[in-house]
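Asker: Assemble the whole structure, with the sequences as input and the hints as a guide.
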Amino acid sequence: LFCADLLVEAGCPVVKRRVFFQWPPFLDRHAITPRWIVQSMVARGYDPEPLWADLAREIAPRSLNAAASMLEILPGEGAGYDPARPLRVVAIAHVYYPEMTAEIVDRLAHLPGRVNIVLTTADSHRAGLIATELERRGGGEDVEVRVAESNDGRDQSAFLIACRDLLRRRDYDLVVKLHSKKTPQDGYAVGRHFARQQFDNLLPDAGHAADLVGLFQREPRLGLVFPPMIHIGYNTLGHAWWANREPFERLAESLGIHVPIDDVSPLAPFGSMFVARPEALRLMTEHDWSYADFGGAEAYRDGSLAHVLERLPAYAAGELGFHTRTVATPRYLEVSHTSLEYTLDRMAEYLPGDAWDQATMMRTVGSIGDGGVRDLARLHLRLKRPALLARVRRLREWIRGRRR
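Just so it is clear: in the sequence shown, position 164 is 291 by my numbering, and no numbers are missing.
Simulated from the structure, these hints should not be mistaken for lab results. Where is the CB? At the ideal position from N, CA and C, for every residue including glycine. A few of these clues could be false.
Said to hold, decoys possible - Quick list of the computed label-pair ranges, beta carbon to beta carbon: (1) E425 <-> V169: 29 to 39 Å; (2) R171 <-> L503: 46 to 56 Å; (3) R273 <-> G318: 19 to 29 Å.
Answerer: Right, dumping it as structure tokens:
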């Protein structure tokens, strides 16, 4: 466990899987870096694809992402792409805001090789505005515009229903999913940052886009790539399941997805933009979704099908043995890492020890709610009188049973 890379370098033909099953704070405490272990294995001829396929099925995706350091910081030079092995790409973008048509098409133009572009929208009026913009720009004949039968489910239903024919065919090696993201309900600055975080980490320029596609060329079992979890402007850290955990579990079970589920926050394309192999999404795309499944416009909230599906792709891919990577530019990491470092430093100020100690203590403490008297009483019992707390809980369950 502690010297796996040295054993590989010394000629040992076996690496135990338990290196990758460790809790990330444990790896942090002992300065064990599984990513470097895998690099040592690859350098000595070990094929990593069976390893990733196995781990994708057996480890909760966010835990694997952290343990194996599966964030790719792409240089943006395009050297990672092999033009002699082009991939067949279809790009699907839901354009609810026609004024964003130009930006979306410009972003997709960064992709290497020939790309089939399909723009979906909510109604014929918007479709007309999109067509006018495409005609103004020239080259619009290469872009297909589809009007979804309903906007219930928004970009999720447009992707899974209006474009199900494209996703089920075997004509494409990759599918790119974008949408005209504004998030006006969260405020101008926050919404602008979220959209920029998505677009700039996926398709900022041609060099970065080529490097991103090159990841799929080099890793046959790479199923999905998307930006890291948004945290600036949003309280996602520690809360990103929100009301979606229980409906997620029910949906995953119904689709035959049994990959372990992350307990704190899912590994998910928050913002719902990604690049994927269609085969990695098969458990999602082969299901016969209907617009009625998504409810009306008022149903678009946490716990709704659209928000549950936003969290599903990495788990659906893992069930089929496809692993997931997150991807970012150096420019974005300059902002994100410094923000995270400062935030975690302040949060750790009043906690003892290292990441292992702090995470273990907070797990024991549990939720502190709003910090009221009852919350603090529960906190005291969890920390100092756990046996008494267990008896209280059993008593409450007994009382509830009697009332029934």
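Asker: With reference to the structure, classify each hint as holding or not holding.
Answerer: Taking the hints in turn, this is what the structure says about them:
no.: 1; hint: E425 <-> V169: 29 to 39 Å; verdict: violated, 51 Å
no.: 2; hint: R171 <-> L503: 46 to 56 Å; verdict: holds, 55 Å
no.: 3; hint: R273 <-> G318: 19 to 29 Å; verdict: holds, 26 Å
Taken one by one, the earlier hints fail for this structure only at number 1.
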